[in-house]
Amino acid sequence: MDNLMQIAMQNVNYGSIMPSLVLCIFGMALLLINVFLPRGKTTPASWIALIGLVVTAVFAARGWGDPQFGFAGHVALDKFASFSNIIFLFSAGLTILMSDEYLQREGYPIGEYYPLILFATAGAMWMASGTDMMTIFLGLEVLSISLYILAGMFRGQLRSNEAGLKYFLLGAFSTGFLVYGIALIYGVSGTTNVADIGMYLKSHPAMLGNPMTIAGMLLISVGFLFKIGAAPFHMWAPDVYQGAPTPITAFMSAGPKAAALVAFVRILILGLDGLQGDWTSLLWVLAVLTMTVGNIIAINQTNIKRMLAYSSISHAGYALVGLVAANQIGVSGILFYMLAYTFMNLGAFAVLVLAGKKGEENLTLEGFAGFGFKRPFLGVAMSIFLISLMGIPTTAGFAGKFYIFAGAIKAGYIWLAVLGVLNSAVSLYYYLRVMVYMYFKEPAEDYGWVTLHAGAVISIIISVVGVFYLGLIPGKVMEMARMALFF
Amino acid sequence: MMPDWIITAILVAIKLGFVLALLLTGAAYLVLAERKLLGRMQLRYGPNRVGPFGLMQPLADAVKLLMKEDFIPAQGDKVLFFIAPGIAAVTALITFAVIPFGPPLRLFGREMPLVVCDLNIGLLYFLGLSSLAVYGIALGGWASNSKYALLGSIRALAQLISYELSMGLSIVPVVLMARSFSLTEIVNAQTHIPFALLNPPAFLVFLISVLAESKRTPFDIPEAENEIVAGFHTEYSGMRFGMFFVGEYINVIILSSMVTVLFLGGWHGPLLPGIVWFFGKVMLIAFLFIWTRGTLPRFRYDQLMHFGWKVLVPIALLNVVVTGAILLLLQG
Amino acid sequence: MLDSYLPIIVLIGIAVGFAICTTIFSRLIGQKKPTEVKLAPYECGMPPVGSARERMSMKFYIIAMLFIVFDIEAVFLYPWAVMFKKLGLFGFVEMGVFIAILLVGYIYVWKKGALEWE
Chain A
1 MDNLMQIAMQ
11 NVNYGSIMPS
21 LVLCIFGMAL
31 LLINVFLPRG
41 KTTPASWIAL
51 IGLVVTAVFA
61 ARGWGDPQFG
71 FAGHVALDKF
81 ASFSNIIFLF
91 SAGLTILMSD
101 EYLQREGYPI
111 GEYYPLILFA
121 TAGAMWMASG
131 TDMMTIFLGL
141 EVLSISLYIL
151 AGMFRGQLRS
161 NEAGLKYFLL
171 GAFSTGFLVY
181 GIALIYGVSG
191 TTNVADIGMY
201 LKSHPAMLGN
211 PMTIAGMLLI
221 SVGFLFKIGA
231 APFHMWAPDV
241 YQGAPTPITA
251 FMSAGPKAAA
261 LVAFVRILIL
271 GLDGLQGDWT
281 SLLWVLAVLT
291 MTVGNIIAIN
301 QTNIKRMLAY
311 SSISHAGYAL
321 VGLVAANQIG
331 VSGILFYMLA
341 YTFMNLGAFA
351 VLVLAGKKGE
361 ENLTLEGFAG
371 FGFKRPFLGV
381 AMSIFLISLM
391 GIPTTAGFAG
401 KFYIFAGAIK
411 AGYIWLAVLG
421 VLNSAVSLYY
431 YLRVMVYMYF
441 KEPAEDYGWV
451 TLHAGAVISI
461 IISVVGVFYL
471 GLIPGKVMEM
481 ARMALFF
Chain B
1001 MMPDWIITAI
1011 LVAIKLGFVL
1021 ALLLTGAAYL
1031 VLAERKLLGR
1041 MQLRYGPNRV
1051 GPFGLMQPLA
1061 DAVKLLMKED
1071 FIPAQGDKVL
1081 FFIAPGIAAV
1091 TALITFAVIP
1101 FGPPLRLFGR
1111 EMPLVVCDLN
1121 IGLLYFLGLS
1131 SLAVYGIALG
1141 GWASNSKYAL
1151 LGSIRALAQL
1161 ISYELSMGLS
1171 IVPVVLMARS
1181 FSLTEIVNAQ
1191 THIPFALLNP
1201 PAFLVFLISV
1211 LAESKRTPFD
1221 IPEAENEIVA
1231 GFHTEYSGMR
1241 FGMFFVGEYI
1251 NVIILSSMVT
1261 VLFLGGWHGP
1271 LLPGIVWFFG
1281 KVMLIAFLFI
1291 WTRGTLPRFR
1301 YDQLMHFGWK
1311 VLVPIALLNV
1321 VVTGAILLLL
1331 QG
Chain C
2001 MLDSYLPIIV
2011 LIGIAVGFAI
2021 CTTIFSRLIG
2031 QKKPTEVKLA
2041 PYECGMPPVG
2051 SARERMSMKF
2061 YIIAMLFIVF
2071 DIEAVFLYPW
2081 AVMFKKLGLF
2091 GFVEMGVFIA
2101 ILLVGYIYVW
2111 KKGALEWE
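Chains as they are written, first to last, in my numbering: chain A, 1 to 487; chain B, 1001 to 1332; chain C, 2001 to 2118.
Fair warning: there could be bad hints in the mix.
[To be verified] Pairs of lysine-lysine, DSSO-like flavour, derived with a Cα cap of 27 Å:
(1) Lys41/A to Lys2111/C
(2) Lys1310/B to Lys2059/C
(3) Lys79/A to Lys476/A
These are calculated hints, taken from the structure and not from any lab test.
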């Protein structure tokens, strides 16, 4: 056997990319099926996409064993990646469940919608299992490009166009920062493999103070912080979240954000742990800034979609607290928190999908007046999700925040934890205000008939179950999150 | 005895001079040949006044082009207008550098390959330059500030890049069979049997794509004269027009040579010396070009694009896979 | 290695020189009587109407994008073709997967009507 072929055969390990491979196959098949379906028929596509996600989930769950390495150390399907994959699959699945009727109602039954979600999820998986900067970058691009299109999918709506274009321009720009950072780090260490970078920096401590290393670390951070939506790189988030189709907003705030976070965690803790002093002090400031900016501006919002966008920024801030702590509890807290956030945020958005009318002009605080009594089921569900977003005990949000802040305290960042708790208190105001409108205000006008579509209702039920499961018995999932850590 | 490098330099200079002279006179007389042949096909005489049988006609044309007024249209982009014909001519002139036009010659006791520069990536060099040639047309049409010119250049761009695709894909089987990018080695791989017989689909796709790449009937929609005057060079006059013109005919020679090298076995052939075989084949293909122009009507634009994208590309792609599979089976 | 490119560089020099010299030469000996009408863009003898730099049909942009995608595909085929014997069955299967993925895109583009001109 020839040498070249041997090298090629040995290093390829399809087991290491099995979940994303299955997703891509389903995505491409769906793309083909779509063009043969009659125009405007997207329901079969959504079912096929869901089947694809379930099949992928089986493969993703099988990744929960011995880590699989492949492609010459570019990809690792370890427990960390598998746990993240489950987060992505949940966010994609819930999104697809709530999408079909929404697309019909808004008048954009576009078949490419579902394959793009699958491709975005596959990109997120590459980010989570990438152990090489290039794989992570590749995943980020696949994820981002799919999202650019999804955000601007409603071609006739000005806001959707704005969202797509804004996200594309700023996203491309931030990706440039990331690549430049990778290039600088490569220039220092001579490798793009994350673990090798860490090893190199450990054996050459003199390079740690090198301006090139610091600049590379900063630029990589900028790239990821943009994708996470952390202040001061959050400017795109409100407009994009408000303009994008509602299910896509829900998806963007959960899956891709988690993907950027886990890839960021892997790079910082595995590759740049020598610079921990530098990046913790940087992220300390940014975490506080992100939480505060998100919460304070959210107070002022009357549009609920936009309010949730700002709240999403503040939640990114909470997650960054776990990264500042950079210990077992903190980082497993991030994984736990992103899973919890997926359920509560996607649930809240599913309620918005059902409550909205064509054009979604009614998704304001005024439009929600009396909502709780007119639509008891949706009102209760929305309240549960808002309570969880506040972080009240018995819900997933509380457990997540508890672990993250516990991690911060354990690592000695008492003040950070205090500021985080204070911020949660601030957030009470605007979450509670929605509930006040829902239950203590008279409806301004008649709602008209709202059908409870099966898909969105199922996603709400799944989310409610998830919120309570993670809130009441968090121990098992938290234990898994801790097992998932690679350090 | 002279130092080694001087001999090399002299040989290279001789080859360069030969190639340049050959290309320029070749292009000039190809024009004459085309006019004569077209004339005969249309029951006319063609040019026959300047010199015996009109043989001095190219010279008269050159003098005429040099004496013409050379102007830049108002609001045209002066710099681009100046550069565009240059790009067209230069890319055409330098492409021939990698084409081997004869078997290695023994001269001054050393082996001299009959190619200006036997690059190991000659094929990629050819593809790269044929992509670059598109710029001359694009910039020329844009810089003219004329509607016809812009229309012509945009059409030409879409056509050229579409057929470049099928051309590129139809070369892949050749590389598969010859296992080299070097044109000399590709010719040597056809010592016994030319690739045109081994892989007729690739040959046909390549021939048609080449016809389209040269922007000649039936693919001359970019300069369809009864529709958009002269396409991208509507506003050009004098020697700048001349350069587009010369570039186009040099391109015909080069593309014919590429067909010869890639599919017709280059200089290989019985009895006659290699160089005769090579130029004989090139002339045959060039004659084919002129013949199609005299015979076939022009495609409509939609037919043109359909043919490129929906017929040639799938055939070429399929051919790549089939050729690969057969080669794999033969290897065992 | 690099000196094998030397003849090409010389040839490029000669070609560029040829282009520049003929242009300048024709400018020197050619006549020069520009008038406003002569310099106007040719529109079959009528005075020019409007700007020439109009917006072009979307079709051409789509063709350009498709070209990028499929031309890169063709470029990826070349290294495989040249190493075909060494890569053997493994390379062939991998390339088949690659071509299949692009075929998916091709069929999609076709069915979506991006290759239609009316």
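Hints, one by one, checked against the model:
1. Lys41/A to Lys2111/C: 16 Å, holds
2. Lys1310/B to Lys2059/C: Holds. Lysine 1310/B to lysine 2059/C sits at ~15 Å (cutoff 27 Å).
3. Lys79/A to Lys476/A: 15 Å, holds
In summary, the structure agrees with every hint in the numbered list given earlier.
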